[in-house]
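Protein chains: 2
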Amino acid sequence: MLKSERPIGIFDSGLGGLTVLKAVRALMPAERLVYFGDTARVPYGAKSKSAVVSFSREIADFLFAKKIKFLIVACNTASSLALEEIREISPVPVLGVITPGVGAALELAPRGGKILVTGTAATVASRAYTRALQAARRDVRVTEKACPLFVPLVEEGWCSKPLAGLVAREYLAAFRGRKIDALILGCTHYPLLKKLIARVMGPRVKIVDSALATARAARLELSRRGLLNPGRSRGECEFYVSDAPERFSSLARKLLGLKTGEVGVKRF
Amino acid sequence: MLKSERPIGIFDSGLGGLTVLKAVRALMPAERLVYFGDTARVPYGAKSKSAVVSFSREIADFLFAKKIKFLIVACNTASSLALEEIREISPVPVLGVITPGVGAALELAPRGGKILVTGTAATVASRAYTRALQAARRDVRVTEKACPLFVPLVEEGWCSKPLAGLVAREYLAAFRGRKIDALILGCTHYPLLKKLIARVMGPRVKIVDSALATARAARLELSRRGLLNPGRSRGECEFYVSDAPERFSSLARKLLGLKTGEVGVKRF
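Quick note, the sequences are listed as chains D and W, same order. For the first sequence, numbering that gives the first Met the number 0 assigns the number 0 to the initial residue and increments by one for each residue that follows. For the second sequence, numbering that gives the first Met the number 0 assigns the number 0 to the initial residue and increments by one for each residue that follows.
Honestly, I wouldn't trust all of these hints.
In silico DSSO-like cross-links for lysine-lysine, where the CA-CA straight-line distance does not exceed 27 Å [stated by the list, open to error]:
| hint | chain 1 | residue 1 | chain 2 | residue 2 |
| --- | --- | --- | --- | --- |
| 1 | D | K144 | D | K160 |
| 2 | D | K46 | W | K265 |
| 3 | W | K194 | D | K48 |
| 4 | D | K258 | D | K193 |
| 5 | D | K253 | W | K144 |
| 6 | D | K253 | D | K21 |
| 7 | D | K194 | W | K160 |
| 8 | W | K2 | W | K160 |
| 9 | W | K253 | D | K144 |
| 10 | D | K46 | W | K253 |
| 11 | W | K160 | D | K193 |
| 12 | D | K265 | W | K194 |
| 13 | D | K160 | W | K160 |
| 14 | W | K265 | D | K48 |
| 15 | D | K65 | D | K265 |
| 16 | D | K160 | W | K144 |
| 17 | W | K160 | D | K46 |
| 18 | D | K160 | W | K193 |
| 19 | D | K144 | W | K144 |
| 20 | W | K194 | D | K160 |
Read the hints as simulated data drawn from the structure, not as lab findings.
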């Protein structure tokens, strides 16, 4: 098999990373994909760096054994705590979700602009987005806002219910008058609330979908390395989780319209 | 020191167990209490039995070293997965939250009555309440309903906001016409939503507060063993967590009006 015909590996602590998988499929339909969701150990948010590094390396090894050509870490916590440690053991290029989101936000923010980062409590506490944004451009002003109800709201499939609007307003209404230029969806679940968040923030605020930004960055990187799959038929997707494959499969269908087929189980 | 003057140990995966601590304090103000919240490893819900057993034993050992006279496992997951394993190593009596809640519900349910159990996804998936209820009385009919948004709602301090009412209706309205006799609050966070849940369910449905039931069961057991503290002054409370003591302290004040004083940190 040509190296370019090998699959792309994608992993997340759970099912949020499926928004990245979906964006990758839309952008590069010929690519074969292998997804791993660590549903037995989700969420990573409250775990120590050493635990997240050790879990991420185990999953990366599992995906390397699937002969992947490229690895996407579709999890904000693992991207902020374990990216370097995964790269140390990786035979293939590794891309996280933070750098692409940061790049996309900086393109949208004018000099001295204001960026609002939304994420889980753990991601916000890590300040990973603030550090990455300000390392790239010292002029931007960054505020981070944890929105802990968004993930369970998405997982319940309640994104279009009126109460989802109330929750979004509760978290974000205070930022409406503050001249925010860009809002980063800093959690892989949040793209499912994108329209709602855009409505609450108003038309002036650009929404940065880090799933989409990550898929674009992956395409650029694969193309630069001559690794884009040249095929014309639709690439296959394989799915693995560490626990509860049926729940994963049914949520993937309910939330993202994804048909996973049979979901494999790999315990560590 | 008299054995009866020793403290009661209480632990939970996080801060939910503080509802039990508060009920114990109200019922037995002279008792000294030592609370441990495993905030570094919360939530236990998605973890394997062996992990929950090992965490629970570590915490129990920490509390035994504080010379406790009685141990309350104020966590539904640990109560359903690890109670026997804690008892095996415990030099003192051990009480979980499930048996007291089950007992209180059965007192309220007539022959052939209907009981609705609310809890986290993990507690509901374990079917621990259904098993305990039906082991005690085969005539009762039990339904369990997972309410995953309740915990983050409580932790945000949003219990009295209109959206809390919408969330409660979303989960529970379908049960209103179904002649439920008793509803068990099967998660130590839920007593903070008790009034709201009672309003949604209507006056016919009795709400079983397992925190209160556990405090009552503890008093009965201590009294039976001659271990009630005979003192007349208010007993002291000590608090320990495995991570983020400031957040714990501020949530305890915000959600429960509890002043924790300095919160100790014990990592495992």
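Query raised in the report: Hint by hint, which ones does this structure get wrong, listed from lowest number up?
Result: Failing hints, ascending: 3, 8, 12, 17, 19.
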